[in-house]
Structure formats: C-alpha cells, structure tokens
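Peer 1: This is what each chain is made of:
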Amino acid sequence: MRFLDLALAAVIGLSSLALMASWGPAGNNAGAARLREEDSLRTDLESLLVTPGAVWLQQATLQEICAKVGSLSNQSVVYSASVDSSQCPLAAPETGPVASISLMLPTRNVTLEAWEAAPA
Amino acid sequence: MGSRAGVGATLAAAVLFSSLLVSNALVVSGSQQQLALTEQSNAESYLAAGASALAVSAGLSLLDSLESHLAATLLSCGNASSAVEAFLDGLSTVVGYDHVSARGSFAEGQNESLAGNMVSLAPYSGWQAGDLDINFSVVVRGGVPGLGVTYSSNQSHPVYLPVDLGRLEAFCSDSLEADESALLGSGGSLCNATEAGNVLTAQTAAEAALGQLMGLGLNATWTVSQPGQCQVKVTVEVFQSGTDGPAGPFTVSAEEAATVQSPAERPNGSS
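Chain order of the listed sequences is A and B. According to our numbering, the first sequence is numbered sequentially starting from 1. According to our numbering, the second sequence is numbered sequentially starting from 1.
What the hints contain is simulated information worked out from the structure, not anything from laboratory work. C-beta: ideal position from N, C-alpha, C; glycine also. Any given hint could be a false lead.
Unchecked claim - Rough simulated footprint, nothing fancy, chain A against chain B, three-plus residues with beta-carbon under 8 Å:
id	stretch
1	41-53
2	79-85
3	240-248
Unchecked claim - Which residues of chain A face chain B? A few of them, derived with a C-beta cut under 10 Å, are:
id	residue
4	Ser-15
5	Leu-17
6	Met-20
7	Gly-27
8	Asn-28
9	Asn-29
10	Leu-35
11	Glu-38
12	Leu-49
13	Ala-54
14	Trp-56
15	Leu-72
16	Leu-105
17	Leu-112
Chain A with its partners taken away, still in its complex shape (with noise of 0.2 Å):
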C-alpha cells in the first residue's frame, strides 16, 4: 500500500512538473518582448522618412539608396532598403524581427527595412 501512495505522489508530482514546463510563459514573454523589439525598429524606420526624406528616396538610385541606410546602420540596427524588387545586398544575416515600412511612390517602390544587429 505505501509503494501505491508514493507511486500515485510520484505520478502527481512529475505531471505536475511536465505540465507547468510545457505550459509556461516563457513563450508568450518572449512574443512580446519580439513584438517590442518590432515596435522600436519600426520607430527607427519612421526617423528615415525624415531623413533622408521621401524626394531622396525617389530621386536616388538604389545603389545610393542601399550605400545611404548601410551607413546609418550601427552596432545595434541594421538598415536596409528594396527599390521594387531589387534588394541591397545583405549587410549581415536577418537575426530577430524585421520591421519595414513601404513607400508607394509614383515611379517606384521603395520598402525600408531595420532588424537588430547579431551581438559581436
């Protein structure tokens, strides 16, 4: 009988233990530090509509475009751009969320994209 009652304990107790580690919040802290995360680069992006401003945007080629946001890049967020459908060329590897704001001009299309930079 006392081998049944420490097995049943036993049982109630690693179950309890599974459930509350496959149930936690963990995941849903870590959706909502992401969508923060999105939240900031998405501000950043806002800040290039400013400067370099939208006439820039439409005037420059993509080269200058790509050479623009690449130096604006710092060691926190990494900047790039897509002019239709010719991308900047990868400066360093999409980590993280990736935020993008998209300017519907007369003659092209120019999307600003920000992720954060891989830690050093």
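Take the given structure of chain A and dock chain B to it, following the hints.
Peer 2: Chain B alone, transformed into the frame defined by chain A:
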C-alpha cells in the same frame, strides 16, 4: 498507520502540486494578457507607421503629378495662375498597402498660415512667399482584422512647388507690351518685314537680358502679314527652366500673342 501515512503523503503531494499548478496558471494568464496588450500596441504602431508612409506617398504622388502637368503644358500668360489653380483643385490620389489606405488631395494654398509641415516632403514642405502654395489634405484609414485595432486620421499640410506664376505672367505681358510699343514707336513700317524684324530682334534681346536677371527665359517669334495688311503678329514665350521638382528639374512655360497694326499705316501710300 502505514496506510494513513501513505494517504497523507499522497494528499499532501496533490495539494502542493495543485497549488503550484494554480500559481503557474495565474502567471501564464498574466503573460497572455501582457502579450495581448503588446500585440494591440504593436498593431497600433504598425498602422500609424503605415499611415505615415502612405500619407507621404500620396503627397509626393500629387506633387509629381503637378510637376508633370506644368512641364507638359504651355500655359497662357493671361490666365496661367487660374488655370494651374483649377488643375490643382481637381488633383487627388489614393494609395494603399497592407490594411492601410490614404486619399490625398490638393487645393490652392490659402493666405492664412497652415501648421503641420510634413517634413518628410522636404524641401517642398511649408509655404514660400511667391511660389505655388498648396494645401495638401490626406485622409488615412486602416485596421488589423482580428485584433479590433483601427486607425483613422484627417491631416492638412502646407506644401509648395518653387514656381512663381505671378512673376511669369507679369514678365510675359510686360514683354509683349514692350514689343508692341517698340514696333509702334520705331517709325518703321509694319508692312516691312525686315524693319519689323530688326526692331523685334533688338527688343527681344533686351527683354531676354532683363528676364535673365529674374531667372526667367524669353523667346519671341513674329510674322508679318501678307502685303496689304501691314500687321505683325508677335508671340512671346516666357519660361522658368531648371526648376527643382520632386521628380527632377523641369521647365514651366507660358506664352501670349498679339497682333500689332499701326492705325496710321495704310498700304499703297493712301492716307
């Protein structure tokens, strides 16, 4: 005793782990709520960023359309401003992308100041005295299905193109008047193509030099009517070239024509 201890241990384990499970459930529930709030906040900022980009896109699209129209149209000096304003008032566009759409329209810029420069449209944001001032209105709507998040805004921004239609009109009419006066006051016969041509060539050169000082160009052409009529039709075209527009440099042109006839001139020497 042994069985009681065993049951007690089992019950204790059940109570303990149940408590842990309830606590875990509370923590998970809290994190789920936090995630839901973050999703909503993220959706709101996503819509706001999209709205911002589309509003800029609409404004730039309208400026490009206006620039194309000015570059492709030979305006009439007599009503250049009103013709451009009429075109302006009918200008609108709709752009949309990924759950957000924006409808932009232009109207003549009013005299009162309009706040809210759209700095993303620099250097064409704001109003400049003497230039083509425009009131840019944009209505943006958007929503993320499933999250119950919507976005709505009505905005007005002052924008402009560096085109001085008033100066163009004035220079054009002044030049035409000067040509008429030069022909009538030259003493030469309007029936003589060579004499008329000499007068107008000299006058045009003087007007062009004056225009250059104002950043304007001028061309004049003329035709002398058939013998017996003694009329000269003068056409003056003025233009503002190299104007920096959002789609690149462009030229705005306007022309006016006038027929000059000396009231004292009679063919065949008759009085």
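Peer 1: With reference to the structure, classify each hint as holding or not holding.
Peer 2: Against the structure, the hints come out as follows:
1. 41-53: Coverage by chain A holds for the stretch 41-53 of chain B (8 residues, Cβ < 8 Å).
2. 79-85: Not satisfied, violated; 0 residues make the cut.
3. 240-248: holds (count 3)
4. Ser-15: holds, 8 Å
5. Leu-17: holds, 8 Å
6. Met-20: holds, 5 Å
7. Gly-27: With a closest approach of 8 Å, the A/Gly-27 hint holds.
8. Asn-28: Status holds, d = 4 Å.
9. Asn-29: holds, 6 Å
10. Leu-35: holds, 4 Å
11. Glu-38: Interface hint status for A/Glu-38: holds (6 Å vs cutoff 10 Å).
12. Leu-49: Given a least distance of 4 Å, the restraint on A/Leu-49 holds.
13. Ala-54: Holds: closest Cβ of chain B sits about 5 Å from A/Ala-54, inside 10 Å.
14. Trp-56: At about 9 Å, which falls below the 10 Å cut-off, the nearest Cβ of chain B leaves the hint on A/Trp-56 intact, so it holds.
15. Leu-72: violated, 16 Å
16. Leu-105: Status holds, d = 6 Å.
17. Leu-112: holds, 9 Å
Violated hints, listed in ascending order, are 2, 15; each of the other numbered hints is respected by the structure.
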